[in-house]
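If you follow the hints, you should be able to join the two separate chains into one complex; please do so.
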Amino acid sequence: MNREFEELVRKSEGRYLQDHEAAKMRGYAEGLVARIDTLTAIERSEETILGSAVERTMKKFPHLTESYGDTAEKKVRRDLGLGLRYAVLAMLMKDPDFVVDKLSVWLRTIMSALCNIEEVAFSYEAVLQACEEHLTAEDAAELAPYLRAHIDELKRGVPKERAA
Amino acid sequence: MNTQLKNVLVETEGRYPSASELENVKKWALAMPDRIEVAQRLAEKEEDVMTNAISALGAKHPEFGQAAQYPQERFHADLRRHLRYVAQSQVLDDPTYFAEQYAEWTAEMLCAVESPEVLTEAFEILTEAVKGALDAADFRALEPFFFQFDRCLHEA
Numbered sequence: 004m005n006r007e008f009e010e011l012v013r014k015s016e017g018r019y020l021q022d023h024e025a026a027k028m029r030g031y032a033e034g035l036v037a038r039i040d041t042l043t044a045i046e047r048s049e050e051t052i053l054g055s056a057v058e059r060t061m062k063k064f065p066h067l068t069e070s071y072g073d074t075a076e077k078k079v080r081r082d083l084g085l086g087l088r089y090a091v092l093a094m095l096m097k098d099p100d101f102v103v104d105k106l107s108v109w110l111r112t113i114m115s116a117l118c119n120i121e122e123v124a125f126s127y128e129a130v131l132q133a134c135e136e137h138l139t140a141e142d143a144a145e146l147a148p149y150l151r152a153h154i155d156e157l158k159r160g161v162p163k164e165r166a167a
Numbered sequence: 309m310n311t312q313l314k315n316v317l318v319e320t321e322g323r324y325p326s327a328s329e330l331e332n333v334k335k336w337a338l339a340m341p342d343r344i345e346v347a348q349r350l351a352e353k354e355e356d357v358m359t360n361a362i363s364a365l366g367a368k369h370p371e372f373g374q375a376a377q378y379p380q381e382r383f384h385a386d387l388r389r390h391l392r393y394v395a396q397s398q399v400l401d402d403p404t405y406f407a408e409q410y411a412e413w414t415a416e417m418l419c420a421v422e423s424p425e426v427l428t429e430a431f432e433i434l435t436e437a438v439k440g441a442l443d444a445a446d447f448r449a450l451e452p453f454f455f456q457f458d459r460c461l462h463e464a
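Taken in order, these protein sequences are the chains called A and B. One point on numbering: in the working numbering, the residue at position 143 of the first sequence is 146, and numbering is uninterrupted. One point on numbering: in the working numbering, the residue at position 45 of the second sequence is 353, and numbering is uninterrupted.
Hints are computed from structural coordinates only; laboratory data are not their basis. Source: prediction; values computed, not measured. All C-beta atoms, glycine included, are put in the ideal place defined by N, C-alpha and C. Take these hints with a grain of salt, some might be off.
Stated by the list, open to error - From the structure, some residues in chain A lie toward chain B, with a derived Cβ separation under 8 Å:
(1) V12
(2) L92
(3) M96
So here's chain B without its partners, still in its complex pose (with noise of 0.2 Å):
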């Protein structure tokens, strides 16, 4: 269950959830099978989408990267990383999970290192590469979460 569900269940002690708090759960629970299907087809186009992600990057900004405190190959990990946590999270159907485990701290240690401006470009480049490579209902399913982690990004 998510976070947020969890917690309606929790505040309903000492009476019966009523119909419609039932049925976000059924909702939630129903839905679970699409969720993990969306996240098997990122898996199965992780390869393309940093293939084309990095590409892209490195012909925008060729000097990302360089700095020895963050090099590419750091970056290239974090932004798998980043794919890997958005489908759990939308698995999950859980933004609290996605904010508490890995996007609000993410967001803040990326900022210590490189300016967020290049940080928000290269992500949007990175959903851009996601958009390319899954059909538009998937898309729509993870997009939530990429737009949180920009909000961190100009919060962190």
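With the rest of the complex left out, here is chain A (with noise of 0.2 Å):
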């Protein structure tokens, strides 16, 4: 949950909100309303963000497919599309922490053994480049900080001689 709105509510536990506590509350329950509306548009959007993201990575790395035969382009799509729909629930819930320890943690130490990470995060910046590309200003803006709470984390799986 959203660390503002929990720490407003404990703060002003065991007594009447203050005139700037309500207003801070209006504006996290409008923002609220906001962020459904930037869901529903990128939930309309997925086939094509995911589309694009998927064909640039590939493009990228094209020895994927060598190493993982035809369901290469499948299971890229799939773990984005899984990393997209997490950030997108930490977007409605106004709550990086919640992409970065439901998945992206996990995420990072299973890819971290399995493949290439750098590979990996490359291809989240491809999800984020597409949603610059395919959704309006305003909700890949809302979107991003989220997303990129995903790639931070899978970074932090970079190698540190390949880091620098």
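Here it is as structure tokens:
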């Protein structure tokens, strides 16, 4: 859950909301309604976003098809879709920790063992880019911090000698 | 967001929330300004509510609050706190918050120092004072939390 909202609830426990706290709470509720609209817009564009990101990824790393055969593209799409949906849910809740805690850390561990984590991080950068191309600027900007949090967590799996 | 909606969303992991799930979140958010106003109106009437409830309680149970382990002053503070938790929980529209942060343990604590019957009556008097001070719609918004606390007293 959104930390700011939780903090507001915690601080006002056992008393009435002060005017500025009530205003913040109203603002949170208004933002939530707007984020539902953003979520709906992303859901509508998901196929296009993922298609674009998969295409970019496969073009950049043609060896994926050699390594994983005909299912490569399908698997990349599945994983990118999962990351996108977790990021979208995190955006709805306004909680970047949600995507990191629930998916990114786990995915980083798995993918670091299975393949090149830099390639994985790149593929999510491609999702970010596709969002900028296929969503309105406002919707893309709303989602970006949550996808960025996911990507940053994945990049923590890049070996130090390569990260520099 | 309230606890129930948050749990529903967390359980949608890996998919988009359905239209009805989103509709519930939207309804919760859109009703927030109204819920805040209800709480603000209760805050404005708090002194009247307290005065009326204490007076009614004193008339009915003059002995109440004489025990050293639970003096009147303490009880009045507890009644006031009760109103504030009801107001806050109503703003959040969150019975789980009300139960976990306040109602369950408060009922347990109060029942340790006073009989559940007297407490039930006292909180009913407080509820009636709220009903008398607010309009019907405002009271309806708060009422579920008064009921919830009453159940906690019975279960304590």
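(message) Is the interface hint satisfied for A/M96? The criterion is a beta-carbon contact with chain B at less than 8 Å.
(response) holds, 6 Å
(request) Would you check whether A/V12 satisfies its interface hint, that is, whether its CB is within less than 8 Å of any CB in chain B? (result) Hint holds; A/V12 Cβ to chain B Cβ min 7 Å, cut 8 Å.
(message) Does the closest beta carbon of chain B sit nearer than 8 Å to the beta carbon of A/L92?
(response) holds, 6 Å
Comparing the model with each earlier hint shows no violations; every hint is respected.
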